[in-house]
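A.B. asks: Next come the chains, spelled out residue by residue.
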Amino acid sequence: MNNLFDIKKAYYLFLLIRRSEEKIIELYNTDKIKSPVHLSIGQEAIAVGVSLALSESDIIFSNYRGHAHFIAREANLDKMWAELYGKSRGTARGKGGSMHLNDYEKNFIPTSAIVSTAVPEAVGYAFALKYKKQEGTVVCYHGDGATDEGVFWESLNFASLHSLPIIFICENNKYAIYSHQNTRSLNNPIVDRAKAFGVSSIRISGNKTKNFFDATSDCIKQIKKKSQPFLLECMTTRWRDHVGITIPELSKAEFEEIENAKNNDDLVELEKQLPEDDVLIINKKVTTEIENAINFAESSNFPEESELYDNVLA
Amino acid sequence: MDKILDKKVINYGEAIYEAITQEMARDENIFVYGLGVDDPKGHYGTTKDLHKKYGKLRSFDTPLSEDAMTGIGIGAALAGLRPIYVHQRMDFLLLCMNQIVNMASKIRYISSGEHSVPLVIRAAIGRSWGQGAQHSQALQSFFMHIPGLKVIAPTTPHDVKGGLIASIRDNNPVIFIEHRMLYKNAGYVPSDTYEIKFGKGRVLREGNDITIVGVSHSVEDSLRAADLLKGVGVNAEVIDPISLSPIDNEIIRDSVNKTKKLLVVDNGWMKCGFSAEIIADVATNCESILCQRLGFPETPCPTTPSLEKHFYPNPQNIAKKANEMCGGDSEWNPPEVVQHEIVSFKGPF
Ligand SMILES: Cc1ncc(C[n+]2csc(CCOP(=O)(O)OP(=O)(O)O)c2C)c(N)n1
Ligand SMILES: [Mg+2]
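Residue numbers (this note's numbering), protein chains in the order written: chain A, 1 to 314; chain B, 1 to 349.
Everything labelled a hint here was simulated from the structure, so no lab data went into it. Just so you know, not all the hints are guaranteed correct.
Claimed, not checked - Among the chain B residues that face chain A by a calculated CB cut under 10 Å, a handful are: (1) Ala-25; (2) Asp-27; (3) Phe-31; (4) Tyr-33; (5) Asp-39; (6) Phe-60; (7) Asp-61; (8) Leu-64; (9) Ala-76; (10) Gln-131; (11) Pro-305.
Unchecked claim - In silico negatives: residues of chain B with every beta carbon more than 10 Å from chain A: (12) Tyr-109; (13) Leu-223; (14) Lys-346; (15) Phe-349.
Quick caveat, the model's predicted, so the values are computed rather than measured. In this text, a Cβ means the ideal position worked out from N, Cα and C, and glycines have one as well.
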């Protein structure tokens, strides 16, 4: 558990996510990444703020929009890139792609591309932690769209019934693909619905890393005192299309919302708070790490035909 | 002018759109719903702007909620509407299984035929560009297994239009299977409305040496294999069953009684699957037929192209297998055929 917000580290992780995904955009048209990519650009502050508040023993459940969660957890960047390239040194040895990242060492559980399906698994993991009296909190990232599913609420109900150590991180970018939240439910905030299930819930507006960090630290502190579930509804904006690298086809209002979000980019805010030297060093480090990861991916082999049947059953 | 002769070349996606829009114009009880049906892409163009043409009541986006949305379609169908529920991927039907299997397929039976459920569930099978484990599953056999459901998987623009119209007009729940690699396929399609019959397959290529039966996209590759086989003097008969439940066993039995050899090219896992069913029928009803099958290996689908190419049957290995069954040279390596719809597909989804 961390109580002090480390701006330098926050800036580093944020930048590593942003530059990695910008690199994906840059390389996408070369067709080296033959995988759907769900970019987090615009939403990084959540992953960074949440991850900085966590410890090694905490468990991460993410989803198909998982690059930011993965990188913020300081999971293996080389392997992530190799996976995007479909290479055998990737996180799933090239068999999973961008939508199914995982890192065993970092307690980053393999992600699902079926919306909301990993939410009950996250609750089940939290149940096991409590059952085994084991250290740790489960973090379950999900979108606003995931709350459209019945299984989401069934899972919340069980988490609250059993006072499980879990934090649901709802990344509310207001869209499920092109469908705005208002077209999917009446104005009926996710936090209010979660509270009705007995889950303490807060909405965090402004898309600022520090705010997400503070809220997560606070939840962890309370969970350590008494096992219980929380939900943080993290308001954010996705700058790119749901999938792929393109800019969404937008109405004027939506366009303005994204422009507004870009003008409030927390990456810029964090940078302003750091001495110039640190900024330079961090930028250099990030550039090098991404270059190395891409080299790692490029120089890896594709899996051999003999690997086709590997890891189907234990 | 004779309406049936009035035909034009359009693609599979356009043919689906045409079927829906013509049927919606004919019957105001038909409505279309599902994730993204009214978005700018309109599900490969198949539902594009229907909400503008017919209003938001008749074509609407939904919360994700697949389980409830299926039941809501069933309820609306019980009340006399004719819903078409659209899914971007067949994998998402797994969230609808209880409603489809326990409700839609049973209601007629448990109401002594007084109720019926005229619901069409459209779902696309994904392939390539890293669709992988959870976005590429071809689960036709799950639905073929269930009495009380109809299942259809057309491959040509002609059959997809006629098949969808037949599904919409049918008074049973229909699982309507599309394939992402077929949307761009072009072909002649009559401008007027018409139905193709459930339980009627089609011989797409005549031949005397071997019968090849495909399903959905593997029909395309079977036709390519037949072209390759011609090069070594083997005349393959290629059958597209189109309708999977009920299935046209007669057309397959007639063909194998002539060729004495059957190769089923599944577009899915083989165990307990489509190919198992076809071969079981032939084994039960015909004599002395050499049977073989190809399909997905018993693993989830890998995303990397280096393994994906070993996952799907392809024209070369279909041709090679068929040639061997016909006593041909086992050393024969058929020339590479470009699967243009796969090579040209660039995602992102
Ligand atoms: C059960 C299911 N239904 C539909 C889809 C298609 N789909 C993929 S992502 C997505 C939107 C989900 O939105 P949200 O939960 O808000 O997450 P976001 O993508 O905005 O991060 C949809 C509908 C799916 N993958 N799984
Ligand atoms: Mg969303």
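A.B. asks: Would you mind marking each hint as holding or not holding in the structure?
C.D. replies: Checked hints:
1. Hint status for B/Ala-25 relative to chain A: violated, with the closest Cβ pair at about 25 Å, above 10 Å.
2. Among the interface hints, the one on B/Asp-27 is violated; its C-beta lies about 26 Å from the nearest C-beta in chain A, farther than the 10 Å criterion.
3. A hinted interface residue such as B/Phe-31 counts as satisfied when its beta carbon comes closer than 10 Å to some beta carbon of chain A; here the least separation is about 16 Å, so the hint is violated.
4. For B/Tyr-33, the shortest C-beta to C-beta distance to chain A is roughly 12 Å, which exceeds 10 Å, and the interface hint is violated.
5. Interface restraint check for B/Asp-39: the shortest CB-CB distance to chain A comes to about 4 Å, inside 10 Å, so the restraint holds.
6. For B/Phe-60, the shortest C-beta to C-beta distance to chain A is roughly 9 Å, which falls under 10 Å, so the interface hint holds.
7. Because the smallest distance between the Cβ of B/Asp-61 and any Cβ of chain A comes to about 5 Å, under 10 Å, the interface hint for this residue holds.
8. Satisfaction of the interface hint for B/Leu-64 is found here, the shortest Cβ-Cβ separation to chain A being roughly 4 Å, below the 10 Å cut-off.
9. At its closest, the beta carbon of B/Ala-76 sits 19 Å from a beta carbon of chain A; the interface hint therefore is violated under the 10 Å criterion.
10. Of the supplied interface hints, the one on B/Gln-131 holds, with its beta-carbon coming within about 8 Å of a beta-carbon of chain A, less than 10 Å.
11. The beta carbon of B/Pro-305 is positioned within 10 Å of a beta carbon in chain A (closest approach about 6 Å), and the interface hint is therefore held.
12. Separation of B/Tyr-109 from chain A is adequate, the least Cβ-Cβ distance of about 26 Å exceeding the 10 Å criterion.
13. Against chain A, the non-interface label of B/Leu-223 holds: every CB pair exceeds 10 Å, the least being about 26 Å.
14. With a cut of 10 Å on Cβ distances, B/Lys-346 falls inside the contact zone with chain A, its closest approach being about 7 Å.
15. Against chain A, the non-interface label of B/Phe-349 is violated: not every CB pair exceeds 10 Å, the least being about 5 Å.
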